[in-house]
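**Student:** What follows is the residue order along each chain.
4 protein chains.
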Amino acid sequence: MYSFKNDYSEGAHPRILEALMKTNMEQTIGYGLDEYSGKAKELIQSLVGNTNANVHFLVGGTQTNQTALAAFLKPYQAAIAAETGHINVHETGAIEATGHKVVTAKTADGKLTPSLIKEVLEFHTDEHMVQPKLVYISNSTELGTVYSKDELEKLSYFCKEYDLYLYLDGARLGAALVSEKNDLTLKDIASLTDAFYIGGTKNGALFGEALVIIKEELKKDFRYMIKRHGGMFAKGRILGIQFLELFKDNLYYNLAEHADQMSMKLKEALQEKGYQFASDSYTNLQFPIMTNEEIARLEESFRFELIEKIDEDKSVIRLVTSFATTKEGVEEFIKKL
Amino acid sequence: MYSFKNDYSEGAHPRILEALMKTNMEQTIGYGLDEYSGKAKELIQSLVGNTNANVHFLVGGTQTNQTALAAFLKPYQAAIAAETGHINVHETGAIEATGHKVVTAKTADGKLTPSLIKEVLEFHTDEHMVQPKLVYISNSTELGTVYSKDELEKLSYFCKEYDLYLYLDGARLGAALVSEKNDLTLKDIASLTDAFYIGGTKNGALFGEALVIIKEELKKDFRYMIKRHGGMFAKGRILGIQFLELFKDNLYYNLAEHADQMSMKLKEALQEKGYQFASDSYTNLQFPIMTNEEIARLEESFRFELIEKIDEDKSVIRLVTSFATTKEGVEEFIKKL
Amino acid sequence: MYSFKNDYSEGAHPRILEALMKTNMEQTIGYGLDEYSGKAKELIQSLVGNTNANVHFLVGGTQTNQTALAAFLKPYQAAIAAETGHINVHETGAIEATGHKVVTAKTADGKLTPSLIKEVLEFHTDEHMVQPKLVYISNSTELGTVYSKDELEKLSYFCKEYDLYLYLDGARLGAALVSEKNDLTLKDIASLTDAFYIGGTKNGALFGEALVIIKEELKKDFRYMIKRHGGMFAKGRILGIQFLELFKDNLYYNLAEHADQMSMKLKEALQEKGYQFASDSYTNLQFPIMTNEEIARLEESFRFELIEKIDEDKSVIRLVTSFATTKEGVEEFIKKL
Amino acid sequence: MYSFKNDYSEGAHPRILEALMKTNMEQTIGYGLDEYSGKAKELIQSLVGNTNANVHFLVGGTQTNQTALAAFLKPYQAAIAAETGHINVHETGAIEATGHKVVTAKTADGKLTPSLIKEVLEFHTDEHMVQPKLVYISNSTELGTVYSKDELEKLSYFCKEYDLYLYLDGARLGAALVSEKNDLTLKDIASLTDAFYIGGTKNGALFGEALVIIKEELKKDFRYMIKRHGGMFAKGRILGIQFLELFKDNLYYNLAEHADQMSMKLKEALQEKGYQFASDSYTNLQFPIMTNEEIARLEESFRFELIEKIDEDKSVIRLVTSFATTKEGVEEFIKKL
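Each protein sequence line maps, in turn, to chains P, F, Z and E. Count the first sequence with full-length UniProt numbering and you get residues 1 to 337, in order. Count the second sequence with full-length UniProt numbering and you get residues 1 to 337, in order. Count the third sequence with full-length UniProt numbering and you get residues 1 to 337, in order. Count the fourth sequence with full-length UniProt numbering and you get residues 1 to 337, in order.
I should point out that these hints are in silico values taken from the structure, not numbers from a laboratory. Note that this is a predicted model, so its numbers are computed, not measured. One should not assume that every hint holds.
Copies of the same chain look alike in the list, so a pair counts if it fits in one copy or across any two.
Stated by the list, open to error - Straight-line Cα separation of at most 25 Å, SDA-like style, residue types lysine to any residue; simulated pairs:
1. K309 with E127
2. K118 with L306
3. K273 with T107
4. K118 with K335
5. K187 with N254
6. K215 with R297
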């Protein structure tokens with residue numbers, strides 16, 4: 001049964017495993033202080049165009065978000081997120097676990113705007129309420145949408161004006177950056193946000209996320225926070241080696257391009273057949289609306305997530321493609337529509 | 001420069017990487033609900049002789065300790081640990097991060113005894129103090145010592161009598177179970193403790209720990225806790241596959257035996273040369289006492305940890321061997337003594 | 001300038017201070033284990049019709065909510081509250097500070113219903129999301145509305161069916177119980193909820209809230225939680241003495257009646273003049289909608305809270321009466337309308 | 001049965017209650033923003049000789065310590081305390097509840113010294129351990145001892161040199177400042193520490209502690225922290241009024257003097273009778289060592305705490321005097337020796 005359930009159904013791109021294989025019996029220092037991690041950090045600093053950026057490798061997305069927000073916020077401060085934001089919905093309260101409220105804004109496309117944030121700020125007036133301090137966005141979003149450069153600039157200016165941190169969850173940053181709707185670069189993101197992470201797990205790595213901290217005041221003692229949250233990886237070089245490989249010869253972008261192409265193929269086929277979509281996505285997630293009958297039929301041959309009931313007859317499903325999605329899988333799905 | 005710094009200087013045993021390679025492009029369900037993880041759990045249940053045991057795979061030791069203790073303790077309850085216990089010293093307050101005090105007992109050999117615990121209980125008399133509820137031990141300990149079956153039984157009975165949970169940190173459980181001083185089995189441990197973990201990271205896995213929960217009341221909803229603490233691994237099968245391989249053909253024990261043998265070789269050579277030890281270890285850690293001069297000389301050719309100053313002239317160093325330690329490395333070290 | 005800003009602008013009802021005066025130099029045991037606190041607990045047990053109820057006296061409402069919810073919930077569990085609920089808006093994240101998410105339901109009148117809660121439950125499907133476990137309601141609500149017996153019964157049955165705790169914040173319970181819309185008694189509340197508190201601070205005490213725990217499994221070791229959260233009051237008898245006095249000769253109800261009568265007087269006068277209200281309250285809070293001009297004029301002579309802008313011209317204000325509100329104050333306000 | 005159990009067995013000094021009585025029906029703004037609290041803050045600023053000091057009134061000692069340390073420390077930072085320190089022993093893990101470890105130093109007299117702190121610092125070397133950042137001392141200590149000006153200066157210089165905060169728990173500051181062994185003033189303390197609190201509860205107030213924050217970087221948004229920890233007192237003026245009265249006409253010092261005099265009377269009588277002491281206290285706590293027989297006999301007529309068994313026959317008891325201790329009570333005790 002072919003799966004469009006998520007972008008972590010397979011292992012890693014073979015080059016990743018080969019790189020691990022090749023270095024396997026070398027001795028290195030632990031906890032990410034090894035040479036490979038060092039080189040990977042330098043490589044990422046250069047890719048994001050900021051040699052002062054701090055780069056930390058962590059194992060997964062929830063861990064990265066939790067550790068970063070716990071480090072960046074004072075106890076009484078809150079994060080602002082879209083209601084659909086991963087930290088608000090799908091991290092089992094990992095942010096609240098560190099003592100911070102997530103305040104939310106309703107948004108149709110999963111993206112925040114200055115005016116949505118302003119409403120939140122205006123509501124929070126004094127010390128009887130939490131103090132919103134960090135804006136959490138994801139790119140691509142949980143709905144597959146992407147921020148344009150203009151949108152991110154406006155958010156960035158707004159956050160500076162209101163003394164807010166801007167944090168970007170890049171679990172699916174690859175898929176965003178190669179989307180046909182994208183006009184952002186890694187360098188843009190590094191210059192417009194205070195911190196962000198480049199997701200490896202969902203784009204060809206075995207696992208791993210690269211957190212990039214730009215703002216000076218957020219850098220201090222971050223390794224203490226990683227350890228405190230159980231995220232200090234003993235054989236840290238395994239993360240470094242993966243990111244070194246991912247960013248060699250454009251592999252990271254190539255893998256994301258494949259994922260997006262497979263997704264657009266699905267989208268176009270679905271559009272041709274007249275399906276509506278719950279979100280207009282140009283990345284590796286598609287949200288077609290189908291009748292329950294159609295869904296039941298497709299479930300006989302494919303795995304995917306059921307996202308939401310629209311009414312008695314119709315529901316939204318989610319189709320996810322990845323670096324590993326095969327043309328054959330996609331074509332078979334289209335045939336079965 | 002050969003390293004005796006720790007037991008995670010290398011990658012994984014080649015069989016581990018091969019197993020990952022072989023299954024790499026299969027599609028599986030995420031988050032440890034896949035077939036490989038399922039089989040690995042069953043295998044471990046059978047090895048520990050308890051088919052009702054809950055088995056969870058986590059990425060690292062601090063994460064496992066933090067998640068387990070946060071799940072097992074009520075907010076006002078505390079863990080009791082040896083002063084040298086990993087959770088007390090080397091986890092950057094990961095237990096306190098979840099709101100729990102670690103109360104400690106002084107002990108020369110890193111092991112707790114009923115009478116040490118009793119003293120702690122007698123000191124904590126009412127609601128103005130934390131309520132000690134969980135006894136944390138490590139086997140082998142941070143000093144390389146191991147618990148005998150008799151010692152563990154006495155602890156176990158004591159804990160039952162005083163309504164305490166007994167939790168065993170098995171980061172180096174392999175090294176303990178194959179030590180010449182050991183008379184415990186995995187089944188003994190499962191029947192004498194309420195929960196424990198089998199360490200993979202320090203015994204040949206790329207990474208990973210297998211938490212085994214025995215006591216019924218500690219099992220409920222544990223996966224929520226894993227996710228909340230950022231430890232729910234997306235490609236969970238990677239952990240399952242590793243543990244399946246580790247416990248095939250006795251690999252786990254063979255690797256630990258190699259580590260202990262290399263360590264005993266160092267110990268015997270050191271003893272012959274007349275060195276004293278800070279701890280009488282029969283596992284993969286050795287703590288010889290050396291003059292600062294000797295240490296400086298050895299540091300020119302080898303990497304190891306400096307543990308503690310004894311006086312102006314002498315210090316304790318720590319030598320760690322692992323599945324990957326080479327005979328040549330050990331012989332070279334001995335030659336340089 | 002007469003104040004309708006809140007119900008804690010004045011000190012205590014004179015009888016409260018006299019009771020403190022009379023017992024002032026007696027020696028008692030600390031921390032609420034004294035005779036006065038003992039008697040007050042028994043009195044409240046008898047008033048709520050449950051001699052097994054646990055009664056704890058705490059200093060304030062946020063402290064009570066925080067301590068209770070932290071005690072009742074497991075780390076990954078969440079509270080469900082109306083979007084307007086005090087714990088969601090006005091406690092500076094005190095619930096999140098203890099690691100718990102507050103998930104909310106939108107409601108026009110500040111009250112929760114089974115169907116609103118059901119929606120929340122249906123959204124939270126697995127371990128990737130928090131587990132809603134406790135329903136938080138306030139009576140009277142932050143909008144001055146009250147739950148009818150029928151409504152509370154339906155909530156209670158629903159919570160039992162879905163294995164949820166029902167917790168009632170009674171910061172303004174007096175005002176609710178004497179409202180002309182009320183048909184609940186303290187005994188009803190004790191039999192329909194799992195825990196609730198009787199607010200003293202906002203109804204004539206100098207300060208103090210009486211938490212009543214009904215459900216057996218929530219009682220254990222609660223005093224540890226009070227101390228852990230800094231709420232164990234050294235001279236605990238001061239709380240006991242106040243509640244003993246409050247519930248002597250119906251004082252508690254009489255004070256609330258006065259507050260509600262003053263409020264209804266304001267309401268009727270405002271209605272006569274044709275004002276609309278943002279909430280249809282029959283307790284001690286009124287929410288008239290006024291033009292900004294009118295508000296500005298009234299602010300020259302009175303203190304009150306500005307709650308929300310309706311549009312460019314109109315806003316909602318909040319008028320609060322209390323045990324201490326004078327007829328003269330009310331009449332003067334009405335005159336100035 | 002006369003009680004020497006603690007210094008909060010009685011209510012408040014009558015002048016405190018009279019001051020509350022006199023202002024009782026005035027309307028003021030809530031949460032400590034009223035005029036009385038304002039004046040009390042100014043008065044304390046002037047008494048401590050620092051008009052920039054921030055003064056906050058809180059309800060009790062554990063709440064004050066918890067809120068202050070949670071505000072001052074970053075998540076991975078720890079407090080250093082004497083093993084006997086209140087935050088380490090008698091606050092049910094209230095500091096750990098906010099995520100911070102308390103690391104301790106063994107000390108015979110309850111006092112910390114630079115060399116004891118230095119040992120702690122040297123042990124904590126990197127990000128695998130918590131980062132000690134705040135030195136917690138109490139004056140008078142839990143053993144009744146006091147810091148001399150010279151000792152506090154040395155601590156202060158040391159803390160500045162090592163970039164540590166110095167925090168003084170003044171639950172019994174009155175008793176310390178009037179002790180015959182004292183040479184410190186409030187002004188000295190304000191110039192030598194970064195924050196401290198002046199205890200009201202144990203020196204004649206009904207309840208209340210005045211936290212004084214000296215160091216600029218610790219001041220920001222502190223009211224958010226008070227609210228978040230459930231310590232924002234609705235009728236805040238009740239705290240302000242009490243401190244205004246306490247520091248009028250030297251009342252605070254006079255009450256402490258009485259307490260210390262009663263204590264010294266006990267001490268001298270005990271010394272005359274040849275009793276040994278577990279601590280050489282010149283404040284309001286005395287720790288005589290008695291045979292169990294003697295203790296049993298005295299317990300027939302008096303209440304006091306049993307602190308510790310010395311051996312089979314002898315134990316340490318604690319006698320506490322207060323502003324309210326009567327000469328008759330003391331004389332009767334002496335007679336019964």
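**Student:** Hint by hint, note whether the structure agrees.
**Tutor:** Now the hints, each set against the structure:
1. K309 with E127: between (40 Å within a copy, 20 Å between copies)
2. K118 with L306: between (33 Å within a copy, 19 Å between copies)
3. K273 with T107: Neither way: K273 and T107 sit 28 Å apart in one copy and 40 Å across, limit 25 Å.
4. K118 with K335: neither (47 Å within a copy, 39 Å between copies)
5. K187 with N254: within (18 Å within a copy, 49 Å between copies)
6. K215 with R297: neither (51 Å within a copy, 43 Å between copies)
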